[in-house]
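*Asks:* Chains as they are written, first to last, in numbering that gives the first Met the number 0: chain L, 0 to 113; chain D, 0 to 885.
Treat the hints as calculated values from the structure; they're not laboratory data.
Zero decoy hints are in this set.
If you want a taste of the chain D side facing chain L, the calculated C-beta under 8 angstroms gives, among others:
id, residue
1, 3
2, 9
3, 23
4, 30
5, 52
6, 53
7, 62
8, 69
Computed from a predicted structure; not experimentally measured.
Just so you know, even glycine gets a beta-carbon here, dropped at the ideal spot from N, CA and C.
Residue strings, one per chain:
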Amino acid sequence: MPARDLDLVRGTVDLLVLKTLAVGPLHGYAIAGLIRDRSDGELLVQEGALYPALHRLEAKGLVEAEWGVTPSGRRARYYSLTRAGRSELRAESATWRRYVEAVAKVLEPSGSRS
Amino acid sequence: MPLPPGVRPDPWHSKRPDSDVQAEIAFHLEAKIEQLVAQGVPADRAREQAVAEFGPVAAIAADCRDIDTHRQARMSRLASFRGFWLEARGTVRHLARTPGFTALAIGTFGLGIGATAAVSSLFDGVVVKPLPYAHVDRLVRVWETNRAEGQQEGQLTIADFRDWQRASKAFDGFAALRHRYAVITSTSGEVVPLMGLEVSARLFDLLGVRPHLGQLFRDADESEHRGEAVVLSYATWRDLFGADSGIVGRTIRLNAADHPVIGVLPPDFESPLSGSIAVYLANDFDALLRDPGRSRRMHFLSAVARLAPGVTLEAGRAELATLGQRIAAANPETNRGHEPYPVPLQDAGIAGTRPTLLLVLGAVLCLLLITCTNLANLAFARALGRFREFALRRALGAGRWQIARQVLLEQAILAAVGAVLGLGIAGLLVRLGKTALASQLPRLDRVAVDGRAFLVVLVLAAIATVVSGLVPALLAVRPTASGGPEVKDRPGLTRRAVRARHILVSVQAALAALLLVGAGLTAKSLLRLAQETLGFDPDRVVTFRVPLPPARYADQAAVRGTTTQLLERFRAIAGVVRAGAAYSLPMENVSTTSIRIEGQPAPVGPPPEVGYNAADGDYFRTLGIPLLRGRLFGPEDRPDGRPVILVNQALARRFFGGRSPIGARLKSGPNDRDPWLEIVGVVGDIRRQGRAVAPVPELYYPLAQDPTSEPTFALQVTGEPAAVLRQARLVIASEDADLPMSAPISLARVVSRSVEGPTLLAGVLIGFGVLAVVIAAVGIYGLISFLVAEREREIAVRLAVGATGRRVLVETTRWALRPAAAGLVGGLLLALASSSLVTGFLYHVAPADPGTYVLVALVLLMTAGLGALIPSIRASRVEPAAALKE
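Using the sequences and the accompanying hints, generate a full structural model.
*Replies:* Here it is, written out as structure tokens:
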């Protein structure tokens with residue numbers, strides 16, 4: 000997938016969003032919070048960058064959105080994975096893992112090859 | 000998708016992308032601020048920090064909006080397509096519920112569109128489609144008119160051609176051509192009789208054609224390319240020589256001599272003269288220039304020329320006319336009445352065909368229009384049946400266009416399927432037509448149901464949709480008188496509906512009348528023609544030609560010897576009653592010669608021209624041409640004997656009046672050295688140029704004294720013609736293995752395939768006329784059925800209060816006759832007004848022939864009555880009690 004390789008960051012954000020949504024419908028603020036907490040604040044520097052990613056995923060049909068009213072009475076847009084989103088998540092996670100392993104192998108100190 | 004627990008759905012929230020994004024980001028920031036405040040950050044600092052962690056709000060919102068706008072645009076396109084698709088599917092389902100109607104409509108559309116596409120393909124291929132030459136708009140065919148013969152498109156003499164070529168400035172090139180028999184021995188040793196063209200070396204350059212293999216003739220200077228070299232057509236190269244790529248430089252056997260092949264033409268090359276040409280030969284036109292007596296008398300050449308760039312056809316024509324006058328002034332003996340006559344190559348040779356095809360095109364468009372009105376009638380009946388549904392939908396807010404669209408969509412679907420069927424029908428018709436018309440129309444090999452025909456079919460389908468759908472669609476959306484959906488008795492609609500259908504039936508009757516008048520006039524011409532006697536009996540006579548190649552049959556003695564030998568051996572074949580030979584057959588071009596009669600003063604102006612043929616005595620017996628006076632040719636007419644001739648009755652009458660011409664003498668040809676020919680007999684006239692052409696004065700030379708190197712043999716047979724032809728072929732091969740039997744055909748076929756003026760047109764018009772009448776009858780049946788159903792209650796009341804069934808029958812029939820009669824009158828007037836168009840196709844029938852018009856009126860009125868009969872009988876048998884109870 001050369002197109003994705005060129006756009007590593009965007010692809011990464013997409014993958015993180017999909018992964019986060021695997022647990023169930025969430026609004027953007029909750030997604031941002033989860034990613035920040037799990038990555039100890041390393042991955043998501045600007046929370047706003049999340050929203051174009053969400054809308055793009057929606058346009059691709061990987062997530063769908065629905066308006067809801069939170070228990071505190073505010074209107075929020077809830078995102079959830081579609082079936083296509085779920086299979087994209089599986090495929091992309093596998094790709095990502097292979098990628099990380101490959102990079103790790105190269106970066107490991109020489110001599111440890113088994 | 001379920002929302003998380005505790006979250007209520009919010010379906011009423013705005014769907015506009017703009018406010019969506021704003022609300023979404025606002026929620027994020029508010030939640031963030033709330034959290035920060037909860038962590039103890041002061042409220043004003045909390046907002047700043049929230050925005051800082053979020054990033055550039057306006058830019059992010061704009062990005063999201065862009066993405067959403069794109070998505071929604073795509074979805075709305077998808078939605079409108081889906082909507083259309085659903086509507087189309089619904090319509091198809093609706094149509095499937097009435098398979099009878101659907102099949103009828105598709106079949107009718109298919110026939111109408113198919114027939115029209117076939118005729119338009121024919122017209123396109125023969126007339127419109129540009130010939131495949133470079134600068135085709137500058138190419139012209141040049142004829143030489145022959146005013147004495149009343150001939151516009153005559154052939155050229157070599158001296159005239161050379162004069163034009165030398166003096167013309169308006170044209171940048173001339174090429175002369177003439178047909179030659181070409182008997183080619185193929186790789187497999189088969190001797191195949193074909194057609195060749197002897198051409199100026201300049202021809203291929205003028206036409207802008209490049210060789211497929213080798214090279215073509217090249218014009219180094221005005222001295223022409225002579226010699227043995229030949230250029231093969233692609234088909235010849237492929238079929239006779241197995242597409243042998245090494246053929247260039249080798250010799251082939253052509254007319255019993257060896258000829259080197261210098262090149263092969265590309266597959267898409269078409270001969271500029273009609274007919275398929277197998278081989279192009281270097282020319283020997285100038286041989287005649289050495290014979291000043293004949294170089295301006297032998298009209299045997301065709302010519303193609305190319306206008307210089309920027310010169311108009313008018314300028315070229317004017318220049319040639321001036322040249323022609325100058326030549327005629329210098330050579331009054333030979334050239335008076337002969338003028339150069341250029342026409343665009345694209346239009347050459349189809350002058351007689353174009354009006355026929357235009358009329359056929361008009362007729363088929365008429366037919367298409369009739370089928371469309373019929374379908375409009377049917378569609379209308381259907382729309383009426385759904386009126387309740389339409390009214391309901393309008394009451395629920397459906398726009399007029401939506402309902403009209405539904406009616407139109409139904410017609411469009413029917414027309415589209417009909418168009419597909421029509422393409423198939425057109426292909427079939429074109430294939431049939433090409434075989435049936437092979438000898439009647441030029442350029443038939445250019446006719447195909449191709450991309451151009453497909454476009455025509457598309458346009459026709461669109462026209463058919465609109466014509467057949469518009470009236471019903473308009474009526475379907477007209478508001479009812481009360482404006483509401485209550486449609487039980489729909490009085491306003493009924494009146495409009497009846498009027499519309501009356502008009503449709505009238506239009507049908509008018510078009511049918513128009514076609515029928517054309518059919519009647521041409522059919523009557525055919526009958527008149529069939530009554531003309533040919534003057535010979537073509538039954539049980541087979542003919543073929545045996546071209547004797549000059550390379551082997553150099554002198555008259557050899558030609559005469561072989562002809563006589565062949566005749567004797569043909570007579571010995573079992574099943575052959577008689578056998579004769581001649582120079583040309585009936586229905587072939589007539590060659591002419593000028594004559595002077597001994598003892599008669601020379602007429603003012605050019606000497607009279609008469610047709611000529613050469614034959615042996617048995618030729619007349621074989622064809623059943625009667626001897627009226629004197630004797631036929633016999634063994635006493637030896638080559639070295641006294642020169643004699645036979646004349647036909649037309650010649651005897653014209654030049655000898657009531658006196659007997661036997662024993663009189665005449666000279667044929669211009670030279671004083673020519674011998675006097677004694678008339679020994681008078682034979683009957685034959686219509687040798689087709690039934691429609693009256694016999695012209697003609698004389699016959701004895702074959703023994705005037706042998707031809709391309710003798711035609713006529714065999715009267717008793718048995719199976721094919722068996723006789725097989726035997727004759729063996730005889731020819733055993734006489735000389737290089738000789739072919741060319742163009743074997745029965746004389747009856749020769750006669751029937753000759754262009755008999757109105758045959759093609761009559762066939763088409765009669766076929767279309769019958770179809771039109773049938774369609775009109777169906778239309779009238781539909782109208783009356785509808786009226787009877789509408790008025791069943793009224794009829795029942797009248798029957799109940801004492802009207803007789805007979806009276807009802809008469810009345811309903813009258814409903815049918817009124818629109819039919821109105822249309823009939825219109826159609827007859829239209830026919831009368833346009834009858835001058837067919838004048839040229841009629842034979843001894845006036846275009847306003849009253850008998851035909853009366854007959855057409857009777858046929859149409861009877862058809863209308865028949866169409867109304869079944870529903871009328873139904874009406875007269877209405878059970879008053881049952882109908883009124885409903």
